[in-house]
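Now for the letters of each chain:
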Amino acid sequence: MLKIILAVVARDLKLAMRRQADIVSALFFFVIVVSLFPLGIGPEPDLLRKLAPGVLWVAALLATMLSLPRMFADDHRDGTLEQLALAPHPLGLVVTGKVIAHWLVSGLPLALIAPVLGIQFDLSSDALVVLTGAILLGTPALSGIGAIGAALTLGLRGGGVLLSLLVLPLYIPVLIFGAGAVDATVSGLGGEGHLSLLAAMTFASLGFAPWASAAALKIALE
Amino acid sequence: MKDRFNLYRFASPATFYPLAGKAIPWFIAASVLFGLAGLYLGMLVAPTDFQQGEGYRIIFIHVPASWLSMFIYLIMAFWAAIGLAFNTRLSGMMAQALAPTGALMAFLSLWTGALWGKPMWGTWWVWDARLTSELILLFLYIGYMALTAAIDDPRRADKAGGLLLLVGVVNVPIIYFSVKWWNTLHQGSSVNLTKSSMATTMLYGMLLMALCFWMYTIAVALMRARTIMLERERHTDWVKAELEEPAR
Chain Y
1 MLKIILAVVA RDLKLAMRRQ ADIVSALFFF VIVVSLFPLG IGPEPDLLRK LAPGVLWVAA
61 LLATMLSLPR MFADDHRDGT LEQLALAPHP LGLVVTGKVI AHWLVSGLPL ALIAPVLGIQ
121 FDLSSDALVV LTGAILLGTP ALSGIGAIGA ALTLGLRGGG VLLSLLVLPL YIPVLIFGAG
181 AVDATVSGLG GEGHLSLLAA MTFASLGFAP WASAAALKIA LE
Chain B
1 MKDRFNLYRF ASPATFYPLA GKAIPWFIAA SVLFGLAGLY LGMLVAPTDF QQGEGYRIIF
61 IHVPASWLSM FIYLIMAFWA AIGLAFNTRL SGMMAQALAP TGALMAFLSL WTGALWGKPM
121 WGTWWVWDAR LTSELILLFL YIGYMALTAA IDDPRRADKA GGLLLLVGVV NVPIIYFSVK
181 WWNTLHQGSS VNLTKSSMAT TMLYGMLLMA LCFWMYTIAV ALMRARTIML ERERHTDWVK
241 AELEEPAR
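Keeping their order, the protein sequence lines are chains Y and B.
Residue 1 is where the first sequence starts when you use this note's numbering, and the numbers rise one by one after that.
Residue 1 is where the second sequence starts when you use this note's numbering, and the numbers rise one by one after that.
Hints listed in this document are in silico derivations from the structure and should not be mistaken for laboratory results.
Yeah, the Cβ is synthetic: ideal placement off N, Cα and C, and Gly gets one too.
Errors might be hidden in some of the hints.
As the list claims (entries may be wrong) - Now the stretches of chain B that chain Y is said to cover, found in silico as 3 or more residues with beta-carbon under 8 angstroms:
1) 146-155
2) 159-170
To be verified - Cβ-to-Cβ under 10 angstroms is the rule here; a few derived chain Y residues that face chain B:
3) I145
4) L152
5) L156
6) G158
7) L165
8) L168
9) P169
10) V174
11) M201
12) A216
13) K218
14) A220
15) E222
The following block holds chain B by itself, in its conformation from the complex (with noise of 0.2 angstroms):
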């Protein structure tokens, strides 16, 4: 590059979907790397819990499937904040992009937590602040793909999904808090969930397995923000090109 190397150069998407379908590949391949380390870690190498036996092992899809969740929605109001203050269009694509992706981790989470659950505590849901907080986590994700996806014009859903997710990255503290006493003031803390006495092994295979799932979220994120730049900048002359290109 002749002219001095410039990141806003990228906010532009008829820059960034070239850079975006470069760095797919890597990111599948970091994935798959970091999954393949984390399962071998997690499934052969770390020691079975004298408590929880074989079961536990879930964790390794559990945790990273939770943190994500939350990592997500925090990147998507990151977005949503850069695209209401600069006005970008990029921005609201990756917040729509990231969206499902968290919906998917949120639910995961939930639903591994349930396999994990019934044989652990004997019931597939308890109310735990944990549990509650990452159901209404959802919620939120569901409430923000509604309000895009109702919107037609591209603009107007990225700003008002922005706002919401503002909104909403406000209110999960206040939510997670009032859950949390609602949850202690009705039965007590029935679940004590902390892990400060772990196994190295099993710290380092749930650290495989979360950067795996981030790698898959970047790609998956990127892939679809592909799809959505060509969708919403059809009109213009570099997505003509870039589809016409195979043609050739």
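Isolated chain Y (complex conformation) (with noise of 0.2 angstroms):
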């Protein structure tokens, strides 16, 4: 069973590396996305630390999307996914694998680069510190849920948009307690319930999710 899921992260990671453009491109629109907003509102910094967290994570749901449509498009488009439906494995093991490649590429990359933008928003450390851990956290049960809408609107005219209308909803919770997060250890309430609850969504949807998606994907490959 993890072999199976090995071999698909394996495979997903290595087709993204010959197209790290991908990569790169996703995560400098969060950059920018996030870089947009003091411009819009303003350098001070009182206001800058309590807008931190929303834009951040906005900014990480919005990046997220973006890569989303690539998770299945490209295998639907040369015919991969058919045979891995055809193959002898569940597919909902395929897609907990393309999943987690999905999150490595992109999920992954977001934390890493989301302290740095904190300190732009004057963050306090301890801040940084639980901003970076809620995005750790959050960004795999976005991946999870993504991959229900992107292989719902897989092959559909007008997909990318259709994918957010759908998706963007279902993020809520996510976006709610990882940015709570945030907010509680600045307001010096500690994040742990936040970070907690958002560690429960990420395995309840890894668990789940791919069996949805991969139910989404058989009826689009009917």
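Both chains come to you apart, so use the hints to assemble them.
This is the structure we're talking about:
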């Protein structure tokens, strides 16, 4: 079981490494969106500190969404996806591998660059640690839930916009607790509760979302 | 009917279409009757609220619309589950037929809520847990309709939409509680809408209005389902026969 997942992860990572520009452009999208906010609302540190968690998280949501359509689209176009669906392994495991690979390529870089952006927003070091932790914990859930949307919109016209309509409302709990964890740290309440809930959502979505996505893929491949 | 009465007979569009056609006028009539009775109770009989004055009467529209917006989503998810489990044609059509009404109810609920909130709270909108989750529910309806509209193959549209509904229904409680906690963390519960001390006439008026909305929903959903059936089954004999009849 683990072998299948690892094989898919390795394959997807290899493919992603061949096209590093995709990874980098999603990352820079994140950086640019976050940098736009101070320009829009002004440079007062107090205001920025208050806005930082929400801005960073919303930008992370959007950056994750940007790379979602590619999760299945390329494999769908060249027929790989059909072969994967025909293979004797459960499709859910293959999707689990793809979700993990997607997170490694899109979620992990976001978490790594987030503290740098947090400094721009004048966050304290405690808040930066929690912010990084929250993004690390929360983005796998984004990849998991996003996989369902990507599978449902596979091969549809206007897929990208449609995907955001489907997926963004489902991202709301992650946004709330992700930004809430940083907020709670800043205000001195401690973000452990939020982080636990984020972790719970990540595990739940990693457990269930691949199977829902597999069902959606089967519908799309019919 | 000579053979044993069999409910599954109506799982086929050919038999359901005339049944729905016969049922629609009854549901419309029931809706009008319940609506008139409910409005009479709500607008004329129910006493003026000592705190909120006459403005509270908007709840006779607001509360049924909110209830229905939530019920309809559940019913759609129910049809989606049936459709995915038993591969029935009609379930997907029913889910699609219900969706616009559900979105309308969610919108009405938000709109009347805003109209009520302005004089009562002094603001059109607060980020209260209920308002926010109702707004998200509206987003979910819109997502469902956008998805089914984007897929040309009706069978795929039904199944993909159904899956989205099931995912959504699992998420609705999570979203609701996260919004609730988020709200209490941010500002504390600013508004309390508990209406335990409601006059009986108000309650009856509201229940009658809810029944009116129910009947309206059923009637409209059946009408829409009939149209969807005709469109999808246009190659079949029964549709041809059905469409030729008035010309004769």
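Against the structure, the hints:
| no. | hint | result |
| --- | --- | --- |
| 1 | 146-155 | holds (count 5) |
| 2 | 159-170 | holds (count 8) |
| 3 | I145 | 8 angstroms, holds |
| 4 | L152 | 5 angstroms, holds |
| 5 | L156 | 5 angstroms, holds |
| 6 | G158 | 6 angstroms, holds |
| 7 | L165 | 5 angstroms, holds |
| 8 | L168 | 8 angstroms, holds |
| 9 | P169 | 4 angstroms, holds |
| 10 | V174 | 9 angstroms, holds |
| 11 | M201 | 8 angstroms, holds |
| 12 | A216 | 5 angstroms, holds |
| 13 | K218 | 9 angstroms, holds |
| 14 | A220 | 7 angstroms, holds |
| 15 | E222 | 7 angstroms, holds |
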